[in-house]
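S.K.: Chains A and B supply the protein sequences, listed in that same order.
The opening residue of the first sequence carries number 1 in our numbering; numbering runs sequentially from there.
The opening residue of the second sequence carries number 1001 in our numbering; numbering runs sequentially from there.
Derived by calculation from the structure, the hints in this document are not laboratory data.
Using N, Cα and C, we set each Cβ at its ideal position, and we do this for glycine too.
It cannot be assumed that every hint is accurate.
Calculated pairs, DSSO-like style, for lysine-lysine (alpha carbon to alpha carbon, straight line, at most 27 Å) [unchecked claim]:
1. B:K1095 - A:K179
2. A:K5 - B:K1004
3. A:K284 - B:K1189
4. B:K1276 - A:K12
5. A:K60 - A:K195
6. B:K1276 - B:K1166
7. B:K1280 - B:K1189
8. B:K1189 - A:K280
9. B:K1173 - B:K1098
10. B:K1189 - B:K1166
11. B:K1004 - A:K280
12. B:K1004 - A:K285
13. A:K172 - A:K5
14. B:K1004 - A:K284
15. B:K1166 - B:K1095
16. B:K1004 - A:K7
17. B:K1095 - B:K1280
18. B:K1280 - A:K5
19. A:K179 - A:K195
20. A:K280 - A:K195
21. B:K1173 - A:K285
22. A:K7 - B:K1276
23. B:K1280 - A:K12
24. B:K1189 - A:K172
25. A:K172 - B:K1173
26. A:K14 - B:K1280
27. A:K280 - B:K1166
28. A:K280 - B:K1173
29. A:K12 - A:K172
30. A:K285 - B:K1189
31. A:K7 - A:K109
From the derived model, a few chain A residues whose C-beta atoms are all more than 10 Å from chain B [to be verified]:
32. T3
33. A24
34. P54
35. V91
36. E106
37. V116
38. P127
39. V134
40. K144
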Amino acid sequence: MTTSKTKNRLVKDKAMLWVVCLFAALTAVPLFAILGEVLFRGYDQLSWSFFTEPTPTAYKAMKAIEAGEPIPGGIANGIIGTMIMLGMAVVVAVPTGILCGAFLAENPKNRFAQIVSYLTDLLQGTPSVIIGIVTYIWVVVPMKGYSAIAGSVALFIMMLPLIIRSTEETLKILPQSLKEAGLALGGNRARVMLKVQLPAAFGGIFTGVLLAISRVIGETAPLMFTALGCSFIRFAIDKPISAVPLLIWEFFNDPNLQELIWGASLFLLLFVLTLNLTAKYLAKKWNQ
Amino acid sequence: MNDKLYRILLFAAALIMPIVCGGVVYALVTDAYEAFEHFGFFKFLTSSEWSYTEGAEQYGALPFITGTLMTTLLALIFCIPFSLPVALFVGEYFKDTKVAAVLSTVTDLLAGIPSIIYGLWGFYTLRPLIMALNISPQGSGVLTASLVLAIMIVPYAASLSAEFIKMVPNDLKEGAYSLGATRAEVIRKIVFPIAGSGIFSSYILAIGRALGETMTVTMLIGNTNNIPDSITSTGNSMASIIANQFGEASDLRFSSLIAIGLVLFLITAVINMIGKMMIKRARIS
């Protein structure tokens, strides 16, 4: 009886191992399914003109479909719009986020810092669609129109907590002796932060910024209420502008443009995943 | 730069958080006020009417609150059988090995895929599958949205749970092994009781993610303004009704959508706060 009980336990143990391995492996399936689908349906759309030409009008696309030709045009308006909005957001969010993160790392026990830290968590957990409607109220309503500025404000708010957290965490894990050595050499706090701590933390902060960019670059909902979209290439920052995820949403809703979905998605997906992998690789390399 | 100026500069930068968060709350409350005043706070939350016929406008948030809760709960149920094995794989069975690193890279990448691409995949791959299996005639609905949502939250739940499973002290596990326990028994009797509260809190945070997910749900839930009567029927979540109607809304409807946004903001804030607090506690113990 004891042997059969022991056997039973061992069988259970084996079964558990196999179940864990099976279900863990199954988790990888969606990644490859999504990658595969986007790759196979999108790769033949990628051409030089796909990146240099703006989206066609629905009428032009319809004509091309009727004639049995591939849809002309591309997603250049979206790429440029994304770059402009992301650029503006990064330029403001990186210095603000680093300073704010430095504040949190320098005053861990301060009451105000604890509140700021809590609010950072709050903002990080806020759904992006809410950031979108708030930015609409803040920027679009007073400016009386959708604009690239509004879009970049939304992206800025979403990036900020991510940069603050990565700065704070990287600064906190630096050895205390590093800071003390700097101070002992006669540097004041600002100088030690600028010349010793921040350079030492550069790797962590840089990966944090990369991850923040990859997080917001695919955001669609907040841009729908702020940047709106635009069917031609535009550089004005006070007018509606397009973005790659906004274009995917437009293609999804317009039966005439549906063919373009996969090329745009492939571009976005590859961009985001490359950023992610680069960040992970750099983090590993700089940690050694 | 002297110390004083440096401190002031850092303080000024930190001030941006209270300003932004205060601004978010202020904007939501002031613009939601009209809807709450017109319908009454509780009436708005419990009414299931959503009609914009001019003169007889009726807006209530109940269908969307129900939709959000249903999709989130279902997503959580679908997510557990996958995230828990991943956490055990990475945190216990193959701890610190190459395979574990590969699997956590895979889940990291899953977390990185933009939600609109999840939506496309759900619409063009999963929806036909659900129609072919005769689960629902139109393919889209609460079930379809929840399935994709589940995939999206697996990485968050799994990586955090794995962290807590890894922290279980080795000597406790070794003690159990020396008494003749099998690995499965060690996991059930030692790892789960010790890492349990941490694992639980990681699911709370995953819920916080699922509540506000917008594009995926908008593309898959079917977008009808009724209370979903079964898991295969169509509906709308709080986030998806905003995404669908915000662009065309004005006056009372605009205010009602903002009110829904305020409710969603409060729910996610509370859930996230509970999750973070539990994680802090689990880390200390």
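S.K.: Are the hints correct? Go through all of them and say.
M.R.: Cross-check of the supplied hints:
no.: 1; hint: B:K1095 - A:K179; verdict: 34 Å, violated
no.: 2; hint: A:K5 - B:K1004; verdict: 72 Å, violated
no.: 3; hint: A:K284 - B:K1189; verdict: 34 Å, violated
no.: 4; hint: B:K1276 - A:K12; verdict: 35 Å, violated
no.: 5; hint: A:K60 - A:K195; verdict: 57 Å, violated
no.: 6; hint: B:K1276 - B:K1166; verdict: 19 Å, holds
no.: 7; hint: B:K1280 - B:K1189; verdict: 23 Å, holds
no.: 8; hint: B:K1189 - A:K280; verdict: 34 Å, violated
no.: 9; hint: B:K1173 - B:K1098; verdict: 22 Å, holds
no.: 10; hint: B:K1189 - B:K1166; verdict: 15 Å, holds
no.: 11; hint: B:K1004 - A:K280; verdict: 37 Å, violated
no.: 12; hint: B:K1004 - A:K285; verdict: 36 Å, violated
no.: 13; hint: A:K172 - A:K5; verdict: 52 Å, violated
no.: 14; hint: B:K1004 - A:K284; verdict: 37 Å, violated
no.: 15; hint: B:K1166 - B:K1095; verdict: 8 Å, holds
no.: 16; hint: B:K1004 - A:K7; verdict: 72 Å, violated
no.: 17; hint: B:K1095 - B:K1280; verdict: 23 Å, holds
no.: 18; hint: B:K1280 - A:K5; verdict: 41 Å, violated
no.: 19; hint: A:K179 - A:K195; verdict: 10 Å, holds
no.: 20; hint: A:K280 - A:K195; verdict: 26 Å, holds
no.: 21; hint: B:K1173 - A:K285; verdict: 32 Å, violated
no.: 22; hint: A:K7 - B:K1276; verdict: 43 Å, violated
no.: 23; hint: B:K1280 - A:K12; verdict: 34 Å, violated
no.: 24; hint: B:K1189 - A:K172; verdict: 35 Å, violated
no.: 25; hint: A:K172 - B:K1173; verdict: 31 Å, violated
no.: 26; hint: A:K14 - B:K1280; verdict: 34 Å, violated
no.: 27; hint: A:K280 - B:K1166; verdict: 20 Å, holds
no.: 28; hint: A:K280 - B:K1173; verdict: 31 Å, violated
no.: 29; hint: A:K12 - A:K172; verdict: 44 Å, violated
no.: 30; hint: A:K285 - B:K1189; verdict: 38 Å, violated
no.: 31; hint: A:K7 - A:K109; verdict: 55 Å, violated
no.: 32; hint: T3; verdict: 14 Å, holds
no.: 33; hint: A24; verdict: 4 Å, violated
no.: 34; hint: P54; verdict: 20 Å, holds
no.: 35; hint: V91; verdict: 15 Å, holds
no.: 36; hint: E106; verdict: 7 Å, violated
no.: 37; hint: V116; verdict: 5 Å, violated
no.: 38; hint: P127; verdict: 2 Å, violated
no.: 39; hint: V134; verdict: 5 Å, violated
no.: 40; hint: K144; verdict: 14 Å, holds
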